[in-house]
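Top to bottom, those sequences are chains A and B. Heads up, the first sequence is in my numbering, so the first residue is 1 and it goes up one at a time. Heads up, the second sequence is in my numbering, so the first residue is 1 and it goes up one at a time.
Do not rely on the hints blindly, as some may be mistaken.
Identical chains blur together in the list; that is why a pair holds if it fits in one copy or across any two.
[Stated by the list, open to error] Calculated lysine to aspartate or glutamate pairs in the DMTMM-like style (CA-CA distance at most 25 Å, straight line):
(1) LYS100 x GLU150
(2) LYS135 x GLU117
(3) LYS139 x GLU117
(4) LYS151 x GLU117
(5) LYS143 x GLU120
(6) LYS139 x GLU150
No lab work stands behind these hints: they were computed from the structure.
There are 2 protein chains.
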Amino acid sequence: MLTIFFAKNKLIIIYGTSLAALLFLLKWLEYRFVIISNAFEIYIGAIAVIFMTLGIWLALKLTKPKIKTVIVEVEKEVFVTSNPNFVFNENELNKLGISKRELDVLELMSAGLSNNEIAEKLFVSLNTVKTHSSKLFEKLDVKRRTQAIEKLNA
Amino acid sequence: MLTIFFAKNKLIIIYGTSLAALLFLLKWLEYRFVIISNAFEIYIGAIAVIFMTLGIWLALKLTKPKIKTVIVEVEKEVFVTSNPNFVFNENELNKLGISKRELDVLELMSAGLSNNEIAEKLFVSLNTVKTHSSKLFEKLDVKRRTQAIEKLNA
DNA sequence: TTTTCCTTCATACTTTTGGGTGATTTTAAA
DNA sequence: TTTAAAATCACCCAAAAGTATGAAGGAAAA
Chain A
1 MLTIFFAKNK
11 LIIIYGTSLA
21 ALLFLLKWLE
31 YRFVIISNAF
41 EIYIGAIAVI
51 FMTLGIWLAL
61 KLTKPKIKTV
71 IVEVEKEVFV
81 TSNPNFVFNE
91 NELNKLGISK
101 RELDVLELMS
111 AGLSNNEIAE
121 KLFVSLNTVK
131 THSSKLFEKL
141 DVKRRTQAIE
151 KLNA
Chain B
1 MLTIFFAKNK
11 LIIIYGTSLA
21 ALLFLLKWLE
31 YRFVIISNAF
41 EIYIGAIAVI
51 FMTLGIWLAL
61 KLTKPKIKTV
71 IVEVEKEVFV
81 TSNPNFVFNE
91 NELNKLGISK
101 RELDVLELMS
111 AGLSNNEIAE
121 KLFVSLNTVK
131 THSSKLFEKL
141 DVKRRTQAIE
151 KLNA
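Work the whole structure out from these sequences, hints included.
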């Protein structure tokens, strides 16, 4: 528990400690050089510089990098020998707003599986498959699974 | 040229100016409060805080936000289609002993028609279509019309 | 001529599919 | 933080599909 606390706040602890050490140093410097009235401005300047440096360092250390996700589309050529089924995919299906899961159902459906078999294969209930297929038919503008298959193979 | 310089280094100029202003302020403060020896530490502390804040602010303002770019490569499948070869010719169908009428049903079935629609198109009753399709499934060794379609398109 | 197959159709029953609605949870986006 | 979409599942109901069995007329083959 305590070690976790230390690990989590390591940076802050280090900073606090070094700050304390610095204050001691300053106190020491005070008794050594402050007598020279001329050195006062230098002293102030030194403090300013040190703390500003500290501030900059702190800020740079503590700011979390913003994560910017860049999605790069890499074209991958797929040579289709005798599978016109999935040409439909990227081009048309995305336009119709067919989700990934619906696509899964569609593929298994066109493979001739029953809703029950699809449910087993996808580890979901029969009702879920029905819901997906219903929405699928809506989006594909068909009435039956056989028509959906036709649209896929057309 | 000069304006561009100002625009580019606007922040630095602002910072420099405000730093100068602050020094004037400090100088002024020096003559007002430094006499109180007791206030010396407070003075130092104030400077430390001000400059550290300044440093933090400066660091946050001047540094370009750390951007950790995560490149996610998404494979975009480009289908280079060759010849889809799907002809379930008469020879194969005849081998399976599929009759002419059954073939009619099969074709309409694979076109996505329902049994009722097939019945209307062929001018026979629904029961007849069912009989044909049942025998069809037997001969094709499938359980569903979707599988029959698959076999046709495979 | 008997047999076989095709075609047609019916009845009865079961299974599968599809529509509609609504709830919950998760995930992604604004 | 709020909103929206996706994914999950349930329940009910209706339509479609599929199975089993039987029957009858017609064509072709044994």
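Could you tell me which of the numbered hints above are not met by this structure, giving the numbers in increasing order? none
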